[in-house]
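Those protein sequence lines, which keep their order, are chains A and B. Here our numbering is used: the first residue of the first sequence is 100, the next is one more, and so on. Here our numbering is used: the first residue of the second sequence is 10, the next is one more, and so on.
None of these hints come from the bench; they were simulated from the model. Think of the CB as a built atom: it goes at the ideal place given N, C-alpha and C, for glycine as much as any other residue. Be aware that one or more of the hints could be misleading.
[To be verified] Covered stretches of chain B, going by a simulated chain A footprint (3 or more residues, C-beta under 8 Å):
{"#": "1", "stretch": "46 to 52"}
{"#": "2", "stretch": "97 to 105"}
{"#": "3", "stretch": "109 to 121"}
[Said to hold, decoys possible] Cβ-Cβ distance ranges computed for the label pairs, FRET-style:
{"#": "4", "chain 1": "B", "residue 1": "79", "chain 2": "A", "residue 2": "156", "range": "32 to 42 Å"}
{"#": "5", "chain 1": "B", "residue 1": "105", "chain 2": "A", "residue 2": "155", "range": "21 to 31 Å"}
{"#": "6", "chain 1": "B", "residue 1": "61", "chain 2": "A", "residue 2": "149", "range": "20 to 30 Å"}
{"#": "7", "chain 1": "A", "residue 1": "192", "chain 2": "B", "residue 2": "79", "range": "25 to 35 Å"}
{"#": "8", "chain 1": "A", "residue 1": "158", "chain 2": "B", "residue 2": "21", "range": "35 to 45 Å"}
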Amino acid sequence: GQNIDQPTEMTATEGAIVQINCTYQTSGFNGLFWYQQHAGEAPTFLSYNVLDGLEEKGRFSSFLSRSKGYSYLLLKELQMKDSASYLCAAVSNYQLIWGAGTKLIIKP
Amino acid sequence: EAQVTQNPRYLITVTGKKLTVTCSQNMNHEYMSWYRQDPGLGLRQIYYSMNVEVTDKGDVPEGYKVSRKEKRNFPLILESPSPNQTSLYFCASSQGAGYGYTFGSGTRLTVV
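Model the full assembly from the supplied sequences, consistent with the hints where possible.
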């Protein structure tokens, strides 16, 4: 079957670095998205990886290993506004398969 | 501004009273989709549409209907809402099924 796993909740300190992991088992894999979602709001696009390796975009980076079925989102210099849920979604046979999301709590 | 517009943002209704949630996009996207989001369950796809007059069931289609008569609009219809359809609903569109989505602002529906 198709499956995406990510931790339910993580806590980090303002100014620190946090890594949110996502593992997937899907058929016809063709890339992985990360979205940010603040409570009660719509998800917004953060990154898309289709090739192995690290993609850096400001304070956020995303990594993909297709052979291991693994991705992570790295957030640096954490700010209070980064408190949100982070959703990973795998492209499988031209559909998006969503993880349940990781709620990130930032403490001062 | 490129966007997906959903209405209403909030809706409280009674069991059995038909309702429609509208969704419109101005990006000429072919692919549109409806999701519901419930605590701990993430986004679950209700219906999707690959193009005009082409719609298909997602993971949780029971109790919902959709139509795609024109490219920009993709309304979600609840013919006889029940309390288990209380949820946060999102409409989304993209260039194609495997591309990133642009989401609408969401509709918080409560059925009493």
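Cross-check of the supplied hints:
no.	hint	in the structure
1	46 to 52	holds (count 4)
2	97 to 105	holds (count 3)
3	109 to 121	holds (count 8)
4	79(B) to 156(A): 32 to 42 Å	holds (35 Å)
5	105(B) to 155(A): 21 to 31 Å	holds (26 Å)
6	61(B) to 149(A): 20 to 30 Å	holds (28 Å)
7	192(A) to 79(B): 25 to 35 Å	holds (27 Å)
8	158(A) to 21(B): 35 to 45 Å	holds (39 Å)
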